[in-house]
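Heads up: the sequence lines are chains W and Y, in that order.
Residue numbers are given in the numbering used here: position 90 of the first sequence equals residue 90, and the series is strictly consecutive.
Residue numbers are given in the numbering used here: position 146 of the second sequence equals residue 146, and the series is strictly consecutive.
Think of the hints as simulated: they come from the structure by calculation, not from any bench.
Treat the numbers as computed from the prediction; the structure is a model and nothing was measured.
Heads up, a few of these hints could be off.
Claimed, not checked - Straight line, CA to CA, 20 Å or less: simulated EDC-like cross-link-like pairs of lysine to aspartate or glutamate:
1) 199/Y with 346/W
2) 208/W with 313/W
3) 233/Y with 56/W
4) 388/W with 99/Y
5) 47/W with 99/Y
6) 166/Y with 230/Y
7) 52/W with 231/Y
8) 145/W with 33/Y
9) 426/W with 46/Y
10) 47/W with 100/Y
11) 355/W with 165/Y
12) 53/W with 165/Y
13) 10/W with 46/Y
14) 82/W with 170/Y
15) 47/W with 230/Y
16) 10/W with 99/Y
17) 78/Y with 113/Y
18) 196/W with 308/W
19) 171/Y with 87/W
20) 81/Y with 55/Y
21) 52/W with 55/Y
22) 199/Y with 170/Y
23) 355/W with 231/Y
24) 53/W with 385/W
25) 142/W with 33/Y
26) 142/W with 36/Y
27) 69/Y with 49/Y
28) 10/W with 66/Y
29) 52/W with 230/Y
30) 214/W with 204/W
31) 7/Y with 52/Y
Stated by the list, open to error - DEER-style ranges, computed between Cβ atoms:
32) 151/Y with 85/W: 32 to 38 Å
33) 137/W with 159/Y: 54 to 60 Å
34) 304/W with 138/Y: 53 to 59 Å
35) 192/W with 231/Y: 48 to 54 Å
Beta carbons: idealized from backbone N, C-alpha and C, even for Gly.
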Amino acid sequence: MKKTKKMTIKPLTRIEGHGQIEIFVNKDKDEVSRVNFSTLDYRGIEKILIGKKISEIPRLVSKICGFCSAAHIVASCKAVEKALDIEPTYASALSRQLVLIGEIITNHMIHFAYMALPDLLSLASASQENDVILNRSEIFVKASKLISIGKNLMEIVGGRAIQPVSIIIGGMSKNLTEKEVSLLKRSLKSGIAIAKFFLNFAQEIIEKIDDTVKMFELKNPLYMGLQRDGTYSIYDGRLKIANEDRETLATFDVNDYDKFIIDNRIKTSSLTSSSTQERGRGFLVGPLARYHITNEYGVYEVHEILKDFQKWDENILMMNVLRLIEILVCLYKGLLILDNTEITKEQPVFVTSTKLKYDNIFSAVEAPRGTLIHYYKVNENMTADDVKIHVPTELNTFSIHEILNRICQKEFTKNKSLETVQETAKFIVRSFDPCISCSSVSLQKAHHV
Amino acid sequence: MERNLMKPKILVTSLTSCNGCLTSIIELDIFPELLESVDFIFPLIEDNDNIDNCDIALIEGSISQEEQKEELLEIRRKAKKVIALGQCAISGGITSLSDEIEAIPINEIIEIDGFIPGCPVPTEFLGNSLMALLNGERIKVSPKNLCSECELRPDSGFKSKIKIDKLIPEKIPFECFLHENVLCLGPITRAGCKSKCIKANIPCEGCMGAIVEDFMSNIVNFFSSISVSEDIKTSDMYSKFTRPKSFVKMG
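Throw the hints in and build the complete structure from the sequences for me.
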């Protein structure tokens, strides 16, 4: 008789792409021995990019992902610009941020309304006699409005809503007109009330599941993300590693990425406060990391709202709340950028430089799901000899497994119900909003995520 | 519950792809209304993942694994209509550039009842196509090329001698990209995207696919009628949306 029983959730629904969760139960010991989350897709885009002209790479990487293509194009353009020693213009940097903002709004809203909400509601109904009163169609209509706001922002600034085309090496191929700016301002303003509605709604649900969610507490997590002088930044700045007390353990330029990160773990030897000989520690990227590595979002009103949620600061649940917070932050940030009159004053920029300045280059942006790193090794023919794309889901891998195993094992010991373990595992994985299209860029990642 | 029986049942799923076309569906302004009027099997956003009897199956992505062939055949058996959604399903898509994996279009495995082109499918066109399908009509793909809807189309026709030596523009176009020596695939690409790239000063890359025959033979014909520099001729950028089915090595 087999000692180990294996349960497979395949495919795992309500995540981007195709993935599965495997739960291994040791029947002798009557315990969950291992929980594994892995992807089922492989597209090998990294290999496709090797040998391609660097001038073509930004357009190709837009096809990596249908959810977060803008982040890939921006990261790619930034890397190529570094290689060619080109500084994108001021207005184009503002426009790029607008496209990234639009992408965060659409991605987060789709995740909350369609992928995460059913889990939150089932947790709420399990712990309360009365279900949260929910008008499904009202929720979807409101979500659709915010999705449209993000989509229109991407389309007007980026040329297309999915896989935008106007972000080019050196800048933007299209500038914003004053008419477009005032239209976008009106649109973003109209989103603020809806974002606040969703935050109230989330609070109402979470209050009901306060007891249940204690099991989803994180244990001494480390966080990494892009920031500028301690402020929330999705486009540029330095990478920072911090702990749950917001204590900075390291800040570094993305070019030093390899010195700090290996195999989706932080090299503990590279941290100021550590003298241990551990191989490395898992870390988190994404909304929760961005929240912990920055001192402020730069939006006063948001900090007031956050006070209501602070007691879940170190909880997986908070990732779902912070997606809504980031929607609000992005609406305000977008409005600030649109208020800058410089944005309409510049002509589109086309760059024709062919001089290679640096041949080993890293770049980083904050994609909706967390820090996205592009690395290119370029040869004198201006083609890529090597390409490495580290996507947020991959960077979170080690931590996802750590958390999945710890919480699921504990849950089984407590309740001895495999059904509950399955639901718990699904909730944990979905809370990370994994993006498998992105993870499928290379074989190693496709199998091990 | 009785009303449910009246609702059309639509399966929306993906094979090897980026999920961009499925995102386009969720991002449609009419999507909340569709959720009310359609009985969806949509594993990306719903728990139901059973391939069940359905009226319409919208399939995104190409085939790169044996398992996917089985899945596709199962869908064909269960669905009254199968629609290829986007360029990966229609002609292979971006992974056509891969030397490691296959990018087999779905119509090489099963018979399809229609297709919605694009990479990803353009929003307005997608919305119109879905409405047509729900009304039991055929999807209206344009029989014309992109130049027919392009603002930069030269009034007095194309120059007789077009010389192409650039894949990426170096300035905002004053006239047709082809007249400025930049390769634009508008002449051989299907219209229907509202020329969004051209409006953003970017030439057409051909993501809507060819109007007749396969894309590669169109490229060969097109290049034989204009003068194209060697490095552009030998570029594999044209396989970005399509498998080079009838590829003829040039140069």
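- Query: Honestly, which of those hints from before does the structure not fit?
  - Reply: Of the numbered hints, 15, 16, 21 do not hold.
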